[in-house]
Amino acid sequence: MEALVKKRIKQVLKGDQNAFGEIIELYKDRVFQICYRMLGNRHEAEDMAQEAFIRAYVNISRFNIELKFSTWLYRIATNLCIDRIRKKKPDYYLDAEVPGTEGLNMYSQIPANTKLPEEDVESLELQAMIQQEISKLPEKYRAVIVLKYIEELSLNEISEILELPLGTVKTRIHRGREALRKQLRYV
Amino acid sequence: MTCPTRIIEYMHEYLDEEIEVNHREELKKHLQECEECAIHFHQLKKTIALVQSTSHIQAPASFTENVMAMLPKEQKRVTFRR
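Going down the list, the protein sequences come from chains A and B. Residues are numbered in the working numbering as their position in the first sequence, beginning at 1, plus a constant of 5. Residues are numbered in the working numbering as their position in the second sequence, beginning at 1, plus a constant of 64.
So here's chain A without its partners, still in its complex pose (with noise of 0.2 Å):
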């Protein structure tokens, strides 16, 4: 996968605006699903990940080839969540939709006149209560934990992704599971 997209934004600095389309179908869906678990909310997650997407192609030059592409979309993504986290107004929160429902019952397939089992009900609003705990990590400790348990990165690449000391991201894993096991418990 690498050597492809190595091949492809090298057509991109050439001029090839068609290979970057390349480049989001084989990110988008990594890159939509960060944006996602750290916003809560679909709509922004869109926002976002397109926004990613553009500054990857306005900077591909400074991007360094010998590097894997992913850990600098990916860092580009995270870093423009934070932003948007620390930018929010504390009434946010009042007219956001219910984190976690859009998504899942968009993708989830079944025929609108179908009545849901009972367990895939309770499934989704599971779901919703797991992706709104999420939401109420800081912004910091959110990250590592979208990156480690939902995007299942090492610790190595969350450290690169965020260039973060190593230690930094161990401590703020610790502090995300012990924030998340407070809430999630009694689940």
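No lab work stands behind these hints, which were simulated from the structure alone. Careful: at least some of the hints might be erroneous.
Coverage of chain A stretches by chain B, computed from C-beta distances (three or more under 8 Å per stretch; other residues unrestricted) [to be verified]: (1) 37-45; (2) 59-70; (3) 175-188.
Glycine included, C-beta positions come from ideal geometry on N, C-alpha and C.
Chain B: place on chain A using the hints.
Okay, now just chain B, sitting in the frame of chain A:
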């Protein structure tokens, strides 16, 4: 709680798969003796399982076309020709 704070640290080392053998042994022994810490450890593992159980979601349809339509035109070509 009278348990040494290092027990919680060992739990996290274990969860990061970076625990040393002697820490692992001490943790294991402690968890067999201390119910409170055993529950704590169980809750941490359950929390991780819950977070991991969230469905993987996909980018909206037409995401790529939308981004492509928003890309600045010609910019790369100009820099390249310089």
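Here is what the structure says about each hint:
Here the region 37-45 of chain A counts 4 residues with a CB under 8 Å from a CB of chain B, which clears the bar of 3, and the coverage holds. With a threshold of 8 Å between beta carbons, the proposed coverage of the region 59-70 of chain A by chain B holds, since 5 of its residues qualify and at least three are required. For a cut-off of 8 Å, the count of residues in the region 175-188 of chain A with a CB near a CB of chain B stands at 7, and the three-residue condition holds.
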